[in-house]
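Peer 1: Two chains, two separate frames, one set of hints: put the complex together.
What follows is the residue order along each chain.
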Amino acid sequence: MSERIEGVKKLFTSKSTRVETNRGESYYADLFEKCQARLKELRENGPINRLDFSEVLSENGVDRRDFMKWVSATTAMLMLPPMFSPLVAEAAELMNRAPVIWLELQDCAGNSEALLRSDGPKIDEIVLDIISLEFHETLQAASGFQAEKQLDDAIETFKGKYLLFVEGSIPMGMNGQFGTIGAGAETFYDHLMRVSKDAAAVIAVGSCATFGGVPAASPNPTGAVGVMDVVKGKPIINIPACPANPANMVGVVLHYVLTGQVPELDSLLRPKFAFGYRIHDNCERRAHFDAGEYVEEWGDEGAKNNFCLYKMGCKGPMTFNNCSIVRYNEAVNWPIGVGRGCIGCSEPDFWDKYAYERPMADAKIKAPTGGVEKSVDEFGLGLLTAAGIGIGIHAVASAVAGKKEDGGEA
Amino acid sequence: MSSEYKQVKRMTSTSRIIHWANAISMIVAIITGLYIGHPYYETLIADGAVDKYVMAWNRWGHFIVAIIFDVTSVVIAYLYFFSRFEKAYKKVIPTTKNIAEFFEVVLNLFTLNRRKKFDSTHMDSFNAVYFLIFHLLLAWMLFTGLQLYVGGLESGISSIGAWWPWLLHVATDWTIPVTGGTIMDVRIAHHYSMWFIVIWVVFHIYYQVWRTIFWKEGDIAIVIGGSKFVKEK
Ligand code: HEM
Ligand code: SF4
Ligand code: SF4
Numbered sequence: 002m003s004e005r006i007e008g009v010k011k012l013f014t015s016k017s018t019r020v021e022t023n024r025g026e027s028y029y030a031d032l033f034e035k036c037q038a039r040l041k042e043l044r045e046n047g048p049i050n051r052l053d054f055s056e057v058l059s060e061n062g063v064d065r066r067d068f069m070k071w072v073s074a075t076t077a078m079l080m081l082p083p084m085f086s087p088l089v090a091e092a093a094e095l096m097n098r099a100p101v102i103w104l105e106l107q108d109c110a111g112n113s114e115a116l117l118r119s120d121g122p123k124i125d126e127i128v129l130d131i132i133s134l135e136f137h138e139t140l141q142a143a144s145g146f147q148a149e150k151q152l153d154d155a156i157e158t159f160k161g162k163y164l165l166f167v168e169g170s171i172p173m174g175m176n177g178q179f180g181t182i183g184a185g186a187e188t189f190y191d192h193l194m195r196v197s198k199d200a201a202a203v204i205a206v207g208s209c210a211t212f213g214g215v216p217a218a219s220p221n222p223t224g225a226v227g228v229m230d231v232v233k234g235k236p237i238i239n240i241p242a243c244p245a246n247p248a249n250m251v252g253v254v255l256h257y258v259l260t261g262q263v264p265e266l267d268s269l270l271r272p273k274f275a276f277g278y279r280i281h282d283n284c285e286r287r288a289h290f291d292a293g294e295y296v297e298e299w300g301d302e303g304a305k306n307n308f309c310l311y312k313m314g315c316k317g318p319m320t321f322n323n324c325s326i327v328r329y330n331e332a333v334n335w336p337i338g339v340g341r342g343c344i345g346c347s348e349p350d351f352w353d354k355y356a357y358e359r360p361m362a363d364a365k366i367k368a369p370t371g372g373v374e375k376s377v378d379e380f381g382l383g384l385l386t387a388a389g390i391g392i393g394i395h396a397v398a399s400a401v402a403g404k405k406e407d408g409g410e411a
Numbered sequence: 549m550s551s552e553y554k555q556v557k558r559m560t561s562t563s564r565i566i567h568w569a570n571a572i573s574m575i576v577a578i579i580t581g582l583y584i585g586h587p588y589y590e591t592l593i594a595d596g597a598v599d600k601y602v603m604a605w606n607r608w609g610h611f612i613v614a615i616i617f618d619v620t621s622v623v624i625a626y627l628y629f630f631s632r633f634e635k636a637y638k639k640v641i642p643t644t645k646n647i648a649e650f651f652e653v654v655l656n657l658f659t660l661n662r663r664k665k666f667d668s669t670h671m672d673s674f675n676a677v678y679f680l681i682f683h684l685l686l687a688w689m690l691f692t693g694l695q696l697y698v699g700g701l702e703s704g705i706s707s708i709g710a711w712w713p714w715l716l717h718v719a720t721d722w723t724i725p726v727t728g729g730t731i732m733d734v735r736i737a738h739h740y741s742m743w744f745i746v747i748w749v750v751f752h753i754y755y756q757v758w759r760t761i762f763w764k765e766g767d768i769a770i771v772i773g774g775s776k777f778v779k780e781k
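Keeping their order, the protein sequence lines are chains F and P. Heads up, the first sequence is in the numbering used here, so the first residue is 2 and it goes up one at a time. Heads up, the second sequence is in the numbering used here, so the first residue is 549 and it goes up one at a time.
Next up, chain P with everything else stripped away, as it sits in the complex (with noise of 0.2 Å):
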């Protein structure tokens, strides 16, 4: 049988520590974060005071995480256009063949696998659209959750420098007047955001898996291993 599939390469190894580093991340941010919009397990009164910093860690592994969130969406906003292996921007540009693709997977979905029309060998435009959707969340998250720390460098410096909270200005004022006007807002998009992200997150694992079933490709290995096998024709 296996002479008959051939291996194709999907995500080079950057692509794939990067996807798991995020999934780790995204864990800890959710955990985290609504520890911080509310403190859900209580510190023992009687504990000692040495080692009572339990919204400090909380609030310190979400900005970790955020940093780490930070520096993976420059990489792959970099890759999106100059990836050598494949330059997603070019599967999510609204040409007549993108369009035409990304309804043939939408119907493959909603037959049930009944009709399948479109290449699978490589990424295809509905995933490709999708994970534009998760990109444009979290960069939403980055500028949201920047604005709510930002307002704690009031002073104009930081450890790393003056650059850093007047970059965070810059870059998140508009957070603002977009979410409603009042910080209270930007907090509220914020926590909104996160359901959106958890909705994306359900589904995209339910479509790899059920893509590995239904397609017997061996989807849900490429985000393991950087293939999956395809049927020769």
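If we strip away everything but chain F, and leave its shape as in the complex, we get (with noise of 0.2 Å):
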């Protein structure tokens, strides 16, 4: 209950979910000299690594022209006009000044693997390849003392400059040990403090870190929750999803290197460039939704003609995130496009309550009452029911033994 006071506080003084595409030409004109005289700054205190972006490019065959197609793309993702393509491109190729350190705690590392087993790497992985990462627990070579120390020395030396990724929920059930790391056992609600403490953010990826995702599903038995649940006082950025877009992550990295801030957020701390509208509102199936065609079962008809995932449990029409604007692998595909619905994954609670697979209204969810699990209709006809038998006796008896006001002619 308490946590519910506490949503409807927050509601009020967060501000209302609306996108703001156009915020006037004073506003571009002074942020546009903001971000070049930080990206001039960025430049003369030298990089911190020594990958050179356009090395990196060309290595991995891109050329300056798709570069630059990637280049007007995020722009317009990040809802700038187009005349900061350019201060854009310097951004990425100034990624390496941006010390990271990326935290892996109660997952199943799918936003690593996300960015890393792409067949070849897309420009938005390239561009997170060269960020600065200081300190990633997966990847890393080092193990045990030697990793801890190389943990501390990145924190040490990039004090109140890193950006934190965390990955993965933080098990909080039996004090924590649910999920421990390193050669001193440290949990990982300790760990994620201490280092989150010198961030000059924090950036949640993926549905574990940001809401508790699949670990926090019912029953939740470790106690998982999100970043946001624990760490507080710090700047904090969620990018969910399962696994969270990488072209998301270098947006908030992005609009970090090159203004300094952190982007445009709604309620849910989720940045309103990638998660200010609905799968359903931009999804290519919705002239198939208006017009009542759905796929009924797998392989029908429908789903030859791509008609709209609807009743196969598409929840589109409740989640927000840009799939369908962005999708995924260099908009290759996104899921809805290759013929399954949407499971809500950067939704709260999205195992709970929208990866049922069918509509809402089909699916077995908890009744208020607790107990078995019901469909809100079999719940609502069993109340209607219980009303029925109680009107039905109520009737009979005043058949039977009712006074008519009258008396008389009954």
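Please note that a few of the clues may not be correct.
Said to hold, decoys possible - On the chain F side, residues computed to face chain P include the following (Cβ under 10 Å): (1) Val20; (2) Glu21; (3) Gly25; (4) Val63; (5) Lys162; (6) Gly293; (7) Lys354; (8) Met361; (9) Leu385.
As the list claims (entries may be wrong) - Looking from chain P toward chain F, a few residues come up when the C-beta cut is under 10 Å (computed): (10) Pro642; (11) Thr643; (12) Ala687; (13) Leu690.
In case anyone wonders, no lab produced these hints; they're calculated from the structure. As the structure is a prediction and not an experimental result, all values here were calculated from the model. Backbone N, C-alpha and C fix where the C-beta goes; we use that ideal spot for every residue, glycine too.
Peer 2: Structure, rendered in structure tokens:
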């Protein structure tokens, strides 16, 4: 209950979910100057690692033209006018000035996988490659005390400057003993608190780090929570989805490198440039939704004709994310594009409340009374039957023993 | 016999119009709402493309009745306090007199009309409270429904101006944390509440018919002609 009251308070103190796509000329002129100054400063500071962006690009067979295409798309994604393109390109080149520490907590490493396993890295992944990854638990060679020393060094050297990426939820049950790390068996919670203390900002990637994700699904045996539930007093940016789209990770880091600021966030701390729109409103199957043309079962005539997946449980109407716009793997395709519904992976509690692969009206969910899981209609019809029986008894009793005011003719 | 009965006016024409507008809207809301939740009839794949807006029409119908509910709710809320005929709020505030009357009416129902110790010429406290429950349920449907609706107005603009989505956010965002934290919870609550309304309606109809049969004062006529007939004492 107190959680819900807290929630209401938070909503009324945060801005509405409106997405502001045009803030007027003077705003952008101002921002442009600020960004220029910031990039100049970064350039003078010198790189932290020796990776040269243009070299890495050409090594991966990306030519300048591809890169510039990517730049305009990314500028648009960040909702900046075209005049920012050269700055975005410059910021991408200067990504090796952004020190990043990446923690891996209770999760499947799917977000790291999403970055690494794409067939031939796309520009998004390359850009993320050249950020100065000072520490990444899953990827680094160091282990044990050596790894811990490396982490301490990174925190010390970049105190107050590094971006902290967190992947995975934080198990709070049993004093946090469900997850420990390192030679000293530090709990995930202590680990996160120690490393986040000196971070410039904390970026939670993936549904587990943002809202607890799959580990937090009912009955949540480990007491898993998201980063924003435990880290206080730091700028936090949530990039949910399972996995988070590399394009959105790049967007956030790029925005930070470019402006030195956190992008505008919604009430769930998700950047609006990525999570401002519903899947449903930019879905290529939307015309079939409005027409009432649905896939009724896998592989039927409707499926062959790319009909809407609503009746197969698509949750696009209640899910805010930009998969339908930026897609995955450099816009190759995305879940609904390949013919299966959205499971709402970027929303809180998605595993319990969205991912049941049938319309909500047909899903077995916990009834408000607790107990056995029922669909809303089963529950409603149950109540209606109970009411009907009550009324029936009253009607029969009235007919047999009721007193009509007039007496008389009845 | 007619000379023994006096006619008492119980509902103004405004209230009666609102009553039937609501009744029809409710049927439409339930039929279209259930379709939105689970499209229960299929459009034929062979249909031409021109007239295929089945879901869109259902949603349109659902929202049109929503607007009717919007408007009638505002009127009803106003009449609760400022009606020149009968100010309903006077019957729902828990004064000793109202509470006593409320339980007398309940007793009347459970003793199958063997005990009737209240004045049935005017609106009684039991019905006033029962109607209030309906108006609260309807308001709840409005808030949760409008929250589901505003999700599609991400741009912050609308054909009637930017104030509309802004107002919807201000007025309905609270339903998210109250129902459990996600938009899906709002939707689940919206669907559950439909059943509460259905149950409300079933009892409402039964009770008005029951009163008509057992009280013999022609209560059912109130909502059509505006008045009922009570025996002269
Ligand atoms: C008062 C009577 C109403 C009833 C009985 C009713 C019933 C329903 C039902 C059963 C659903 C399907 C939920 C599901 O299973 O997914 C629904 C959906 C919905 N209702 Fe209502 N509703 C009512 C009023 C309203 C109002 C006043 C609004 C305000 C605009 C509204 C807006 C919506 C919206 C937006 C949806 C989701 C449709 C979509 O996203 O396509 N409803 N309603
Ligand atoms: S497939 Fe999903 S997101 Fe696309 S139109 Fe249908 S319901 Fe909406
Ligand atoms: S389509 Fe839905 S479930 Fe799939 S990745 Fe996007 S938000 Fe997640």
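Peer 1: With reference to the structure, classify each hint as holding or not holding.
Peer 2: Going down the list of hints, with the structure as the test:
no. : hint   : verdict
1   : Val20  : holds, 5 Å
2   : Glu21  : holds, 7 Å
3   : Gly25  : violated, 15 Å
4   : Val63  : violated, 33 Å
5   : Lys162 : violated, 34 Å
6   : Gly293 : holds, 3 Å
7   : Lys354 : holds, 4 Å
8   : Met361 : holds, 6 Å
9   : Leu385 : holds, 6 Å
10  : Pro642 : violated, 25 Å
11  : Thr643 : violated, 27 Å
12  : Ala687 : violated, 17 Å
13  : Leu690 : violated, 18 Å
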